[in-house]
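**Q** Residue numbers (numbering that gives the first Met the number 0), protein chains in the order written: chain R, 0 to 491; chain V, 0 to 353.
Derived by calculation from the structure, the hints in this document are not laboratory data. Treat the numbers as computed from the prediction; the structure is a model and nothing was measured. What you were told as hints is all true, and nothing was included just to trick you.
So, partial list: chain V residues that the calculated Cβ filter (under 8 Å) puts toward chain R:
{"hint": "1", "residue": "Met23"}
{"hint": "2", "residue": "Ile31"}
{"hint": "3", "residue": "Ile151"}
{"hint": "4", "residue": "Leu154"}
The beta-carbon is built from N, C-alpha and C at its ideal position, and this holds for glycine as well.
Listed below are the residues making up each chain.
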Amino acid sequence: MIDFSAVADFIRGIPWMQLILTLQWVFLAYFLAINMAYLVLNYISVFSIIRYMRDHRAEYLPKSLASYQPPVSILIPAHNEHGTIVSSVHSLLGLNYPEFEIVVVNDGSTDHTLQEVIDAFGMVEFPEAYRRRIATKPVTRIYASSRYPQVRLVDKENGGKADALNAGINCARYPLFCVVDADCILQQDSLGRVVRPFLEDPSTVAVGGVVRVLNGCTVHNGFLEKIDLPRSLLAKFQLVEYLRAFLFGRLGWSPLNALMVISGAFGVFYKERIIAVGGYRSGTVGEDMDLVVRLHRSLRRERRPYRITFVPDPICWTEAPTDLKSLKNQRMRWQRGLAESLAPNFGLMFNRHGGAVGWLAFPFMLLFEFIGPVIEVFGYAAMIPLYFFDLIPLQSFLVFLFVSVGMGVLLSTNALFLEELSFHMYPRSWQQLRMFGVAILENFGYRQINSIWRFMAVIKWLFSFWTKGHWGKIARDGSWQRHGERAEDHGT
Amino acid sequence: MESLIGTDPKIVFAFWLGVAVAAMTLLMLVVIIVMRQVVLHRERVHARAVAFWSTILVAEPGFETGPVPPLPNRDLSGFLQVWNEVHEPLHGATTAHLGRVAREVGLEQRLYRHLGHGGFHAQLVAIIALGHIQNSESFHRVEHFIDDKNPIVSLCAARALMQIDPKRAVSKFVPQIVRRGDWSQGSVASILHEVGADQVTRELSEATLQANAQIAPRLIRFLASVSPEAAAPIIRNTLLSSKDERLISTCLQVMTHRDDLDCVRPLLAHPRWHVRMQAAVTLGRLGVPGDEQRLIAILSDEQWWVRYRAAQALRNLSFISVDDMLRIQQAQADGYARDIIRHVLAEQTMGVAA
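Work out the full structure, taking the sequences as your base and the hints as a guide.
**A** Rendered as structure tokens:
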């Protein structure tokens, strides 16, 4: 039997004011630390982007001989992608790059993905001497096409995205492989740009590129024709968020060789090095980040010189979810992916040979990206009772809100500044003002709901409510495939 | 503001921090908008200049003798873009018409000013343009840029010097190829091809002979691409004497002489698989009757790539037909060997070989 009076006495006995004051300092220190960290990353990114634009804004050098461009295997993992897969492969066939192959991996789709690829490209079964260098679920058939000799199709039992990618790596013939999501749109020169760091520095093992929001843009024949802002507010929020995440979230870490994420939507890797670390880890939802963290860990342990680089060129465009349910699923999956990547590689943090990634990037990810939402949600939750019980004056609450929103807007505006310094994809003044408006507006609701989803993901992960890695499905209708039409005209 | 009087200093600090952040944000927004306007203005001026000077520099035959208008400073960047673009397909050569335009607008003097005082972009464009003008007097002005720390600047300077005076420039260019690991190899090869084998073979051969195992593969590849004849004795010597697997691999990739096959055959048993694989590829390219038996022997190699390239090499031998391949396949006791031949034959039928 619980003695409630004893519990009440205990609660009354707690020095509340002391606790609140201490917590206040903790929250303040955390708030200052996270914003300072982001600002520092931001300023590193400014220098990186100025340098990058200086060296690469024009093609100064004579065209490199084609035989010096390494051939690339493009891997497209596909699970129930019948709406987009054929046009994605068609657009990849139009890439401006001397030598590449496309390996579509059908991961046990239950729709018509397999048949559509077979029909569209005239694929026939091919007696490939398959090499199982990384263990995967059984590969049932491999197809090739005499009409499209660059395209191959691997049909395998369902095993998740990581497993599909591993099967693709097993089939890849070339020393570099590029991972592309089936619903992404690339620029014609994407591959050349993202392969360039491998030519500039032979110690490069992986390169990531910027992923941009496709909503609102016009696509023609599988290539981007016109860039515009999305109409949906939710997609606009994500556009500003992507700018922040890619232009300083990742570009800031790259010069320190501490980049921990290469988006699963688009990245190029040195195949042998990936096989050496065992390929993608199956059963995770954040296989992209997990791979990069393991690469760092393994190469640091072996004390090999290496570079994991980020190219700021806008090379890959993807449709952002425009309904809350899909967005929630995506964000929760990302947060879980973060947790699953950090936990098994904890040994990298503060490791003697950890370098910038072990001493800066890993703690940053853990403290601000993983624990951040927990602290933020506790902060919001604490405000309500504190305000109602008069433990925090309204004035303090408003001032803190003012500073917090102000910092959020400043960071987003800095991302817009980086965009202006570099590629100015949204060149009209009204577009910039609209994005600035979105940067303010996202602080009232969008940011908080995102934190809540991420908080939920942390809790779910801690209690292991999810059983295994799976394909994250987001409602997309692939409407960008239709000629000259805007994605949102079809209600995505 | 009065409401802050007597407030907790922490709140006052936070308030002023918020004000500072808001001010910085607004300042940033203004900077973005002003920058945009400036860039838009510059782009408009540049596009106008490009359109105007394109009509003059890319003049129709017969209209090349007309008067050349003065070149205002605001048009210079557009002019240089057209100037460099027009010259690219000419591979270093210039025309009488372009030379006349350059003289009449006083291009060289303006480019020298850019070299001395311009920013990164202006300097580079000037170096490239001076290379196209090919006036030997500008050699010494461009010369020191070949030592620039930035690989793009130094490589552009190397190309310009090779265009201006290849005989003089080659003694500066080749040592830099040896020294600069950060130069884009594709661009170096492109410059070597532009100037031609006659100008670079001697220096490149000497440098290759003196290079250590770290640098030699790079140089052998360049030399073989501009002059296979000059590369042949060096390749032979390397295959006979070198223990460096990377160097051996490179030599196998670029060798073109059948006479040297005796140095290749023993390498089919090399302990490193990539050397065995390259040896198989070389035999497929240059092999003679009798070599098929050597290739058949490695169809059961433990490495997939060695088996695959050996099967491809067999298929590539002119004296081995598809029927021969089928017979070889049937004669194999090893399942891996049979599978790889089936794979390669299917590739051949479908035209999908890697």
